[in-house]
Amino acid sequence: MSLKLKALTKSIWVYHLCVGGSCNNCDIEILDLLTPRYDVERFGIMLVGSIKHADAILVTGSLSLKAVERVKRVYEQATKPCVVIAIGACACGQGIFAKGPVTPNPVDSLLPINIYIPGCPPKPEAMIMGIVKLIKKLTDKK
Amino acid sequence: MRLLFNFLIFPGFLFTAVVGLVASWIDRKVTARVQWRVGPPWYQPFMDLVKLSIKEITVPRDASKPVFFMAPLVGLSAAILASTFIWLPNINLSAAGFRGDIIVILYLLTLPAIALILGASSSGNPLAAVGASREVKLVLAYELPFILTLLVPIIKSSGLIKLSELIAYQGINGAFVSNASGILALLVAIFCMQAKLGLVPFDMGEAETEIMGGVYIEYSGMLLAIFKLTKTMMMVALPVFLSTIFWGGFSIWKYVVLLVIIVLMRNTNPRVRIDQAVRFFWGKMTMLAAVAVLLAVLGM
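Note that the protein sequences, when read in sequence, are chains A and B. Residues 1 to 142, numbered by the numbering used here, are exactly what the first sequence covers, in order. Residues 1 to 300, numbered by the numbering used here, are exactly what the second sequence covers, in order.
One or more of the hints may lead you astray.
Think about it this way: if two alpha-carbon atoms lie no more than 27 Å apart in a straight line, the pair counts; the simulated DSSO-like pairs of lysine-lysine are [what the hints assert, rightly or not]:
{"#": "1", "chain 1": "B", "residue 1": "Lys228", "chain 2": "B", "residue 2": "Lys65"}
{"#": "2", "chain 1": "A", "residue 1": "Lys4", "chain 2": "B", "residue 2": "Lys231"}
{"#": "3", "chain 1": "B", "residue 1": "Lys228", "chain 2": "A", "residue 2": "Lys4"}
Facing chain A, from chain B, some residues (calculated, C-beta under 10 Å) [what the hints assert, rightly or not]:
{"#": "4", "residue": "Arg28"}
{"#": "5", "residue": "Gly39"}
{"#": "6", "residue": "Phe46"}
{"#": "7", "residue": "Lys51"}
{"#": "8", "residue": "Leu52"}
{"#": "9", "residue": "Thr58"}
No lab work stands behind these hints, which were simulated from the structure alone. Computed from a predicted model, the values in this text were never measured in an experiment. Heads up, the beta-carbon is just placed ideally off N, CA and C, and yes, glycines get one too.
Input sequences plus hints: build the corresponding full structure.
Here it is, written out as structure tokens:
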């Protein structure tokens with residue numbers, strides 16, 4: 001594995017993007033990952049506040065009409081290479097908001113999603129497993 | 001040629017950067033252990049740096065581009081120069097330094113903060129502007145007591161302002177920290193060091209949870225890597241500087257003691273507001289520094 005790819009996979013800074021209607025449950029499970037019990041900092045994963053620093057965008061919630069423009073703008077500002085991870089039933093499919101009047105679009109109609117982590121909310125173990133699978137996928141391809 | 005080598009490789013850029021990255025790993029690891037976590041592996045800061053340097057650089061549309069690109073370089077070169085000047089007398093006492101190099105080092109240690117302010121305010125981001133304004137106030141707050149503490153060794157050595165002469169003086173007469181005035185001055189200087197490094201409880205310019213990285217918010221890729229590198233180099237330069245002027249020269253255990261104080265202070269305190277920080281530095285700390293200077297004049 002080249003140093004470049006190793007650096008990219010060993011130091012993933014994540015940005016947490018809640019696109020419109022989220023019940024906050026997935027967001028709290030994401031925060032759980034950073035607590036001492038799961039401690040993803042030992043893999044180099046850190047939560048950052050600015051999209052300019054991010055290597056991975058964690059998308060939660062179902063995409064509302066108002067959020068479409070904003071999400072597009074945030075994704076355009078992300079520094080590439082950057083992966084998008086959809087977390088939770090709402091971001092993967094549309095969850096219970098599938099027939100909602102203000103959430104007609106699935107998230108993957110707007111963003112190029114690299115991996116889906118289903119669950120309502122997914123357990124922190126499932127998220128770690130998802131990220132491991134994503135890293136395997138990225139490193140085998142090159 | 002030897003100067004270039006000193007500047008770029010041995011005590012200057014490369015050496016200080018590597019020591020600083022290891023120190024920042026120690027910082028993160030100890031923080032993790034304090035919080036009952038495992039913490040990152042030793043190569044984590046290196047990986048972060050490599051990763052940041054291969055990422056895309058985005059420039060905001062409203063940014064003033066020359067200042068936006070120059071600011072990290074100004075900060076980095078100041079940190080390199082400062083650490084070279086601080087290391088050289090510690091390695092070879094006779095050859096290094098010039099008369100008045102303490103004053104030059106004092107200016108150079110302020111420059112990274114100034115560069116950060118320049119870069120943040122040129123980026124055109126409102127949150128970066130908030131961070132920059134806080135950083136300006138913080139610089140104004142901590143510089144006064146810091147300069148007052150530097151007067152203590154100068155007064156006690158009756159007017160030596162060359163780093164190597166100060167080390168030699170302390171080698172003969174004992175470290176300044178063995179006196180009452182020296183202890184007080186070192187105490188104030190440690191607080192000022194914490195603020196200069198921009199670590200909790202004085203990280204209101206950055207304030208990840210509040211203004212999303214503040215001064216760093218618009219920086220990405222290589223430029224952010226340079227800022228992070230500057231910060232880690234300051235994490236070497238400042239403790240070594242303090243142990244040089246107050247504690248009779250550099251040694252590894254003195255550096256480790258100062259580093260552990262920094263890390264523990266960072267882990268046991270919440271972030272203070274900017275007005276609290278200014279009141280702290282201009283009130284208590286300046287008072288203590290003034291008492292230290294007074295004691296030094298009285299010869300204690």
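To see whether the hints hold, each was checked on the structure:
Our distance criterion of 27 Å between C-alpha atoms is met by B:Lys228 and B:Lys65, whose separation comes to about 20 Å. A threshold of 27 Å between alpha carbons decides the hint, and for A:Lys4 with B:Lys231 the separation of about 23 Å falls inside it, so the pair holds. Between B:Lys228 and A:Lys4 the alpha-carbon distance is near 19 Å, which keeps this suggested pair within the 27 Å criterion. Taking 10 Å as the C-beta cut-off, the interface hint given for B:Arg28 holds, the closest approach to chain A being about 7 Å.
Look at B:Gly39: its Cβ gets to within about 6 Å of chain A, closer than 10 Å, so that hint holds up. About 8 Å separates the beta-carbon of B:Phe46 from the nearest beta-carbon of chain A, less than 10 Å, and the hint is met. The closest approach between the C-beta of B:Lys51 and any C-beta of chain A is roughly 4 Å, which is under the 10 Å cut-off, so the hint is satisfied. Restraint check, B:Leu52 versus chain A: the minimum CB separation of about 8 Å is within 10 Å; hint holds.
Evaluation of the B:Thr58 hint against chain A yields a held restraint, the C-beta minimum of about 6 Å falling below 10 Å.
Comparing the model with each earlier hint shows no violations; every hint is respected.
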